[in-house]
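Input sequences plus hints: build the corresponding full structure.
Line by line, the protein sequences give chains A and B.
Residue numbers for the first sequence follow my numbering, beginning at 1 and rising by one.
Residue numbers for the second sequence follow my numbering, beginning at 1001 and rising by one.
Keep in mind that the hints were calculated from the coordinates and are not lab data.
Even for Gly, the Cβ is constructed at its ideal location relative to N, Cα and C.
Among these hints, one or two may not hold up.
Straight-line Cα separation of at most 27 angstroms, DSSO-like style, residue types lysine-lysine; simulated pairs [said to hold, decoys possible]:
#1 A:K130 x B:K1004
#2 B:K1248 x A:K130
#3 B:K1248 x B:K1004
According to the in silico footprint, chain A covers these stretches of chain B (three or more CB under 8 angstroms from chain A) [claimed, not checked]:
#4 1100-1113
#5 1244-1252
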Amino acid sequence: MSATTPAATDTGDTGVTRAEYCAVACADVFRGDGEVMASAFGTAPALGARLAKLTFAPDLVLTDGDAALMVGAPALGTPASALVLESHMPYRKVFDVVWSGRRNLIMMASQIDRHGNQNISAIGDWARPKAQLVGVRGAPGNTVNHSTSYWVPNHSPRSFVEHVDVVSGVGYERAAEAGPSATRFHEIRHVVSNLGVFDFETPDRVMRLRSVHPGVTVEEVIEATGFDLVVPADVGATRLPTPEELDLIRTVLDPRGLRESEVRA
Amino acid sequence: MADKRMTLDDLVGELRSGMTIGIGGWGSRRKPMAAVRALLRSDLTDLTVVSYGGPDVGLLCAAGKVAKVVFGFVTLDSIPTDPHFRVARQTGAVEAMEVDEGMFYLGLLAASQRLPFLPTRAGLGSDVLRVNPTLRTVRSPYDDGEELVAMPALRLDAALVHVNRADAHGSGQILGPDPFFDELFLGAAERRFVTTERLVATEELASEGPIQTMCISRLLTDGVVETPGGAHFTACVPDYGRDEAFQKEYVAAAGDAEAWSAFSRRYLEVGEHDYQAEVTRATAERTAERVEAQPGPSGSGSGQEAPR
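Here you go:
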């Protein structure tokens, strides 16, 4: 009994799984990036950053998850002893990178709202929360210093909310209210969930459905979203991975299939 | 040169209730846990704890030592949150100052440079300013006119850090890949204490690692305590990694009053020497159980990066 890969969720004739669409959507967050530090939390983002580096964004700089920058794009779960390192990147230097803007980031969000505000601090009233989460971490500083995207593997009205309880990562409206110093380097690029891809390419910078993952209907996305999502008349499907991308995901970057345990179809 | 060696009891003897205490390390990594355990055994109370938080914060909260926590996160790394800290916040048992982790860094840097504040973009537009109404912004006096957050100095009455090697005069050596912000915790504090895995002669430091690992100078230390295993159960590479099994035991015990009181009796209501002996015994018990159970190979590694 050596089956370590959970049952993959086949979404049609292509044989491409939901998790693989998510990985490719995360990779596209880094499209057009040159020599910047790609930081990625969660399995699909980690896979996406590696995929981008091996294909259309070869100059990306990846961290080892500890205190260094690493060469190439090693498979998920590669032991630290097998990584080849190229530079020292302790936390104190990470702030130099963040504040200089040479970084593109995919963070996770416990809550996200229509303006792109993110919460990882607490659920309920901050003064006495119903649920204490990890804390704002670097989200306030990240979002006003470099492009930030979000990965939400459990899209529901509890994660896509009208108003987040504690604004950790700063969305468009809050940045605008705070003034030019907050908007100067601010960009929420994409939100990738298990149902689709979202952006803020609307006149008033509110969240728009960019594409639905194959196997998901627009109605399902609207149903699972706790606010009025902007839905264009002609929403397309999230793009298919190229044959090269699919091969990289399956045989090079994630041969153990870790991606499939993160995403429910 | 001054001999700064002392014991954990000496260290605790220099602290007072109501103090603001900075604790080095990051999450569940290289925390001065032996010093924290000594604090747990003391009658100190009403402390303000300033920390890139891990189990240090959780344990001190559980023991009722804490009036206020200054933090950007509290995490056990391989386990996202600390159970005791969660309860302390959710029951309103502790006051909180929550800031961006970069603001936290600048607060320590300002204190260590004797500045009232340092400006930063971090915090603008976020609820960090809403939940900390005393935070102010400052306008650049130059043509750009930028309005930035003025992160106030995080001045500490005392700082506790744990390093891999140190000498009797207070030079400290960090052999792991990340020195975190330990130097700044010491720089921000009135009374500065370094605990170490191993005390060595000054001339031996150079054979332990390259010059850049000797990153804590004696300018920054008042006392040095040798505490082997002093960061347990947090990671202290290359001397040892995180004791994940023990950390799981800590989290499981925290969820149940009876289990927590048993955990406390076994590990916390004893001196540091007995703590280390119990840890060795617990590890042996787990190994014995594993051999008996004869499990198959287990996967490891989630492919996820540690959050930063």
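### Task
Identify every previously stated hint that the structure contradicts and give their numbers, smallest first.
The structure breaks hints 1, 3, 5; every other hint is satisfied.
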